[in-house]
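Engineer: Chains as they are written, first to last, in our numbering: chain A, 1 to 431; chain B, 1 to 142.
Note that these hints are calculated values from the structure, not bench results.
All values reported here derive from a predicted model rather than from experimental measurement.
Glycine included, each C-beta is placed from N, C-alpha and C at the ideal position.
Below, a list of computed lysine-lysine pairs in the BS3-like style, where the Cα atoms sit at most 30 Å apart:
#1 Lys382(A) / Lys23(B)
#2 Lys382(A) / Lys61(B)
#3 Lys388(A) / Lys223(A)
#4 Lys406(A) / Lys14(B)
#5 Lys151(A) / Lys201(A)
#6 Lys78(B) / Lys3(B)
If you want the ones that stay clear, here's a sample from chain B, every Cβ over 12 Å from chain A, calculated:
#7 Lys23
#8 Met77
#9 Val105
#10 Glu107
#11 Lys110
#12 Lys111
#13 Ser127
#14 Glu131
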Amino acid sequence: MPFWNKEIETLERKKLRELQFERLQKTLRKVYQKVPHYKTKFNQAKIKPSDIKNLEDIYKLPFTTKEDLYVDYPFGLLTVSIDKLIRLHTSSGTTGKPKAIFFSKKDINNSAELIARCLVMTGAQRGEILQNSMTYGLFTGAFVMHYGAEKVGILVIPAGPGNTERQINLMRDFGTNMLHITPSYALYLASVIYDKGFDPKRDFKLKRAYLGAEPYSEETRRKIENMLGIDIYNCYGLTEMNGPGVGFECPYKSGLHIWEDNFLMEIINPETGEPVPEGEIGELVLTTLNREAMPLIRYRTRDLTRVIPEPCSCGRTHRRITRILGRSDDMFIVKGVNIFPQQIEQILMSIKGVAQNYQIVLESYDEMTIKVEIDRELFDGKIERLVKLKEEIIDKIRSATMVKPKVELLEPGTLPVSEGKAKRVIDNRTI
Amino acid sequence: MDKVYIISVFAENKPGRLERVTKVLAEANINILAFSITSTNGFGVIKFMVNRCQEAYKLLKEKGFTVSLNEAIGIEMKDQPGGLYEVVKILSSKGINIESASVYVAETRKKAYLIVEVEDTAKAMESLKEENLKFLKPQEIV
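Assemble the whole structure, with the sequences as input and the hints as a guide.
Structural biologist: Structure, rendered in structure tokens:
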């Protein structure tokens with residue numbers, strides 16, 4: 001099992017927690033001194049950094065939400081002067097202004113360090129070639145991966161997303177071994193590779209792909225793995241926390257290791273803000289432990305997951321979380337039932353006769369319509385088969401969600417094709 | 001005894017779907033000899049018998065349609081009262097269940113053919129071998 005930094009990646013839990021606490025204290029003292037907004041919030045909560053005596057005391061501190069990022073915008077949460085900053089990344093916000101995250105030189109180097117751990121963990125090494133098909137720009141995804149791969153000594157092809165014809169040519173001409181790509185685009189790319197009559201094993205040197213930036217199911221992972229004959233690793237990150245590389249899968253592919261020397265994680269009940277018992281589903285809350293320019297304390301990610309407390313067979317002591325089970329923002333309610341798009345996707349991808357594309361359309365609060373493209377290869381001209389397929393979809397979704405959906409079977413290629421983040425839920429409801 | 005082929009196309013129940021399919025066939029100068037539409041709530045299957053079926057199948061597939069090529073049997077019937085009854089009576093006496101059917105009227109009302117898709121084409125043809133029936137041959141489809 002290869003490691004980039006074996007000492008820290010396998011640090012025994014007691015020592016890891018000591019390191020976390022040491023870094024937490026340092027971070028709290030810094031934001032209290034240098035960031036007026038944090039000082040005000042701590043004072044309102046009647047708490048000082050010195051009141052935090054151990055890691056469990058973190059629950060006494062107030063949360064940071066995305067709304068806090070707009071207070072004293074854009075430079076207000078910095079703990080260093082502007083001349084220490086070397087990069088800005090943003091993430092689209094709902095208020096019209098983007099969330100702005102600044103990186104010092106040390107922060108850039110550190111985010112690359114974490115990616116290096118992730119890549120080496122999956123078996124990537126010097127001499128291999130990574131095609132980076134994420135968007136280069138304000139979004140963190142491509143740049144952070146790029147710097148991390150370079151740190152390992154991997155040759156990076158900065159392809160960016162889209163232009164599928166060119167993606168395939170790059171993969172063929174240069175012998176790409178790894179892709180960094182969104183799941184929906186990976187599916188599309190794989191289907192184009194098939195349509196063009198390529199045999200992925202014979203015509204490409206692809207070994208692995210790193211998928212992130214949008215939710216997708218285990219079934220989708222297996223589908224792409226089988227189509228391309230490669231290993232796919234889940235990658236979790238958010239702009240507010242460097243972007244990709246916060247959590248990453250090891251070869252056991254059962255949960256994503258969170259680099260706990262850099263991030264303190266909590267799982268809370270999104271309604272009450274209280275911690276949930278270990279192993280239960282809740283919202284992931286992260287505190288940066290090693291960030292210079294813009295530390296964030298108890299940041300509400302809005303991502304739902306749970307901690308896997310058991311030690312991992314790979315030997316890393318950093319705990320894992322499950323794949324992101326949904327976003328508290330993505331969750332929608334029909335007939336009073338909470339439903340996550342991933343639940344629906346998981347069911348659809350397990351049904352034979354269903355193609356890759358689907359859409360959930362909400363027109364009222366007591367009905368959901370699921371539009372599903374049928375699999376062209378499995379069409380046999382018999383309408384009875386299609387009627388049964390539709391019934392199977394309705395039954396399986398009803399038994400999993402308790403809501404009976406309306407299902408529309410569509411011709412393949414009818415729904416919009418994704419070359420970026422797929423829009424799976426169309427909510428046309430007005431209150 | 002020969003079997004013939006039917007082309008089946010999946011279509012959503014929306015205006016313009018039949019137009020899109022038939023346009024492809026028209027532009028390739030392919031002649032439609034029989035056709036039927038089965039539809040249920042929201043979607044349906046359009047079935048065609050055409051003169052150049054392999055070519056039509058390939059063409060529709062290339063154009064992105066969801067299409068399949070299915071075996072069928074064409075049985076001659078008299079174009080007169082009771083013509084259909086005579087044929088269907090034989091099929092049911094052999095326990096052959098019709099999954100889909102259409103009619104091909106050849107040579108402007110001199111004869112007609114009942115085109116049927118059944119569960120097992122080979123088995124059905126075997127059991128009809130001894131009957132006094134005339135079957136449509138692929139070369140007659142022009």
